[in-house]
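Enquirer: Take a look at the letters that make up each chain.
There are 2 protein chains.
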Amino acid sequence: MALIVHKYGGTSMGSAERIKNVAARVAKWHRAGHQIVVVPSAMAGETNRLIGLARAICERPDERELDAIAATGEQVSSGLLAIALRHLGVDARSYAGWQVPITTDSAYTKARIQNIDGKRVLNELGRGAVVIITGFQGVDDAGNITTLGRGGSDTSAVAIAAALGAKECLIYTDVDGVYTTDPRIVPEAKRLHVVSFEEMLEMASLGSKVLQLRSVEFAGKYRVPTRVLSSLTDPFMPLDIEMKSGTLITFEEDEKMEQAVVSGIAFNRDEAKITVLGVPDKPGIAFQILGPVAGANIDVDMIIQNQSVNGTTDFSFTVHRNEFAKTIEVLEHEVKKRIGAREIFGDTKVAKVSAVGIGMRSHVGIAALMFRTLAEEGINIQMISTSEIKISVIIDDKYMELAVRALHRAFDLDATNGRNGPHPENPAVAHAPPN
Amino acid sequence: MALIVHKYGGTSMGSAERIKNVAARVAKWHRAGHQIVVVPSAMAGETNRLIGLARAICERPDERELDAIAATGEQVSSGLLAIALRHLGVDARSYAGWQVPITTDSAYTKARIQNIDGKRVLNELGRGAVVIITGFQGVDDAGNITTLGRGGSDTSAVAIAAALGAKECLIYTDVDGVYTTDPRIVPEAKRLHVVSFEEMLEMASLGSKVLQLRSVEFAGKYRVPTRVLSSLTDPFMPLDIEMKSGTLITFEEDEKMEQAVVSGIAFNRDEAKITVLGVPDKPGIAFQILGPVAGANIDVDMIIQNQSVNGTTDFSFTVHRNEFAKTIEVLEHEVKKRIGAREIFGDTKVAKVSAVGIGMRSHVGIAALMFRTLAEEGINIQMISTSEIKISVIIDDKYMELAVRALHRAFDLDATNGRNGPHPENPAVAHAPPN
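Protein sequences, first through last, are from chains Z and Y.
Take any residue in the first sequence, note its place counting from 1, add 65, and you have its number in my numbering.
Take any residue in the second sequence, note its place counting from 1, add 65, and you have its number in my numbering.
Do not rely on the hints blindly, as some may be mistaken.
Sample of chain Z residues at the chain Y side, in silico, Cβ under 7 Å [as the list claims (entries may be wrong)]:
#1 81
#2 118
#3 119
#4 121
#5 122
#6 130
#7 133
#8 137
#9 141
#10 144
#11 147
#12 148
#13 152
#14 153
#15 378
Derived by calculation from the structure, the hints in this document are not laboratory data.
Just so we're clear, the structure is a prediction, and the values are computed from it rather than from any experiment.
Where is the CB? At the ideal position from N, CA and C, for every residue including glycine.
One chain only, chain Z, in its complex shape (with noise of 0.2 Å):
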């Protein structure tokens, strides 16, 4: 017996029959002894209509408000889910963030989870209850209702798992597993069965969807095993298979992995590129720059500033694309006059595309076959930035799809070897199509 977390994401949550077959899953774990945690997402495509009607008043609403509205999706589908398991017979309670309770900070659409209070929660398995908890949101301490952003639902439910103490925190969704990439793009796109904790954090980062980039930090902060699997397979197939489909994410590295040099090729579209033209080169205008974008709550991902000429130098960094109006904003009414710059401007036709792997610390080479297959396709990279174990460039969005398919052929990535291909225990899962 052991206590186990399942997350759902929105496809999986997306009808009545979905969550129907969601129930009979965690039902056939509740039943074999575990205590189950789920943390279901709200139903494909709920979190956008909410925003759209928020949107529908007001370009850019006040983000307490949309926090409010958006957190209602999770408190449905749970509640659904709640009454389906109850529907067969298993004891369920579900639980919005206020409620158990998740406390936040006040970052409004971008919350961090500071703490879990596990009392209820862990009463409530006690005495044999499954016990549903909205993902995506908690509370702050004035009581206000926050969310985590986009994709916060693997957050909660990997941060849940860290403060119970569970066992392993399965990722249903509606793809098997962690790809060598997209395969709607790569059909040749092959399915890793371990993913090192780094790689992830890296793939995460860099776009690939399969998990946000905050529940892989909680996994590895934590040390929390964590593993993606579908929640399209047939939900009475035998537990001792399930626990072995998917993709693990291990915090122990060996030989088989240091063998592929690159694991993966990750891409967004989600970015947008700005550039600050004529910045006086001296020390702190990076701080001048960014301080007050961080000031208005935006990330900043790239970051890239040329050599100066003339003692005036260009800085460019990207953002998320939602962000570039904001950004674009508090450029040209904070920075731009105290820096004296001379031009702002941007991009939102940017897509960002990496390869990926644990392989590349001991291997050479790897930039210098990036770029020349990027090169020999005839696309332009505009910035580059790396890492110990990734390199990525951000080039024309519309040249996305032909340099990620170049990119997976040079790095053989289409070829099978030992952390990827057909799974020999498992050959039913790793052959159901993704979603």
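Given the coordinates of chain Z, work out where chain Y should sit on it, guided by the hints.
Expert: Chain Y alone, transformed into the frame defined by chain Z:
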């Protein structure tokens, strides 16, 4: 300057455009120097959509979970209204029932308000903000979300007005006041400028959809001056005209009110009739039948016990149609055998039609006129119930419209008199067609 509570129904909150209209109206009141608390319903159709989701999973969903789901409708509409007000430059914040808090008992789907803590709200009003409070819901002592039942937002509004000592509670809805009957059924129906608390109580309990019964009870108990008026008029109409529009529910009866013998014809199709046949006629039998029904938290409306024949009698009563199946179940399992009843049967195809009027007290022959009118139309009366100011009959529901039209004419309500007809001061409102 006064503290005023506004309540807006689902149709008034039915779209982004309508919510902007509500915001414009609230802003007008706020800018005139009033302290405004707004209690919105869920957007039209939303509560049904949410309950439909639950029912798609389970015919009789768990009521705690159903409440958590249904309560989200008002959380969304309240957030949207706050966004619309802030967009107009008016400081506004929304609060869910649990954030106020509005404390209720734990009778899910039909909870009763026990306490409203006005501190937080008065504090916000004091600093000049408009406060928006979700209607329809509260929180019990254990921190579970509860709802007050259909139309509960009216009750929320009146209860909040009472708790805060508001000067007036304005119930904005899609009709421009209380009519002598539903104008959709009788085009000659007239708007009443004033209605007594007792008449309103009877009309609400008899199914006039304008105001929920418990809200009228609250208004009466705490003597909250309550006005029903239209949200579909021009939001920028002068405040002094708007303040006199609609129908005022008053606690002082005047002579003019006594003149109209019957002030309105109310009706509903929400009830179902249940008969317990062959009940032994002995003391305590009514309690043995209705005790378990009340214990299952089912409200009973009309009750009739016939004269006994050969030591047994027949016992009939009505419940809400939604509770029909549950009531039959309770009777079959907990009552039938114990009391030795012969048979239990019921009918959901019934309607209740009532004549209501303060003037009835001092006039005879009202019942006779009512029964004669129905007989002349060939309508059979199945059950009769009377109070000091109303007479109700249960009939086959296919005759409901016919009965309402005939009675409206018989009691001379088609004619204009002192309490109805176009308002001389405000013809624009009086002519606005009810939606």
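Enquirer: Does each hint fit the structure? Answer for all of them.
Expert: Status of each hint after checking the structure:
Given the 7 Å rule on beta carbons, the hint for residue 81 of chain Z holds: about 4 Å separates it from the nearest Cβ of chain Y. Evaluation of the residue 118 of chain Z hint against chain Y yields a held restraint, the C-beta minimum of about 6 Å falling below 7 Å. Among the interface hints, the one on residue 119 of chain Z holds; its C-beta lies about 6 Å from the nearest C-beta in chain Y, closer than the 7 Å criterion. With a least beta-carbon distance of about 4 Å to chain Y, the hint placing residue 121 of chain Z at the interface is held under the 7 Å criterion.
The interface hint given for residue 122 of chain Z is met, as the beta carbon of that residue sits about 5 Å from the closest beta carbon of chain Y, less than 7 Å. The interface hint given for residue 130 of chain Z holds, since its Cβ lies 4 Å from the closest Cβ of chain Y, which is under the 7 Å cut-off. Taking 7 Å as the C-beta contact cut-off toward chain Y, the hint placing residue 133 of chain Z at the interface holds, the least distance being around 4 Å. For residue 137 of chain Z, the interface hint holds, since its Cβ comes within 7 Å of a Cβ in chain Y; the closest pair sits about 4 Å apart.
Of the supplied interface hints, the one on residue 141 of chain Z holds, with its beta-carbon coming within about 5 Å of a beta-carbon of chain Y, less than 7 Å. Taking 7 Å as the C-beta cut-off, the interface hint given for residue 144 of chain Z holds, the closest approach to chain Y being about 4 Å. Proximity of residue 147 of chain Z to chain Y holds as hinted, the smallest CB-CB distance being about 4 Å (cut-off 7 Å). Taking 7 Å as the C-beta cut-off, the interface hint given for residue 148 of chain Z holds, the closest approach to chain Y being about 4 Å.
A cut of 7 Å between beta carbons decides the hint on residue 152 of chain Z: the least distance to chain Y is about 4 Å, and the hint holds. Checking residue 153 of chain Z against chain Y: minimum C-beta separation of about 9 Å lies over 7 Å; hint violated. Against a cut-off of 7 Å between C-beta atoms, the interface hint on residue 378 of chain Z is violated, since the closest Cβ of chain Y lies about 40 Å away.
Checked against the numbered hints above, the structure breaks hints 14, 15 and satisfies the rest.
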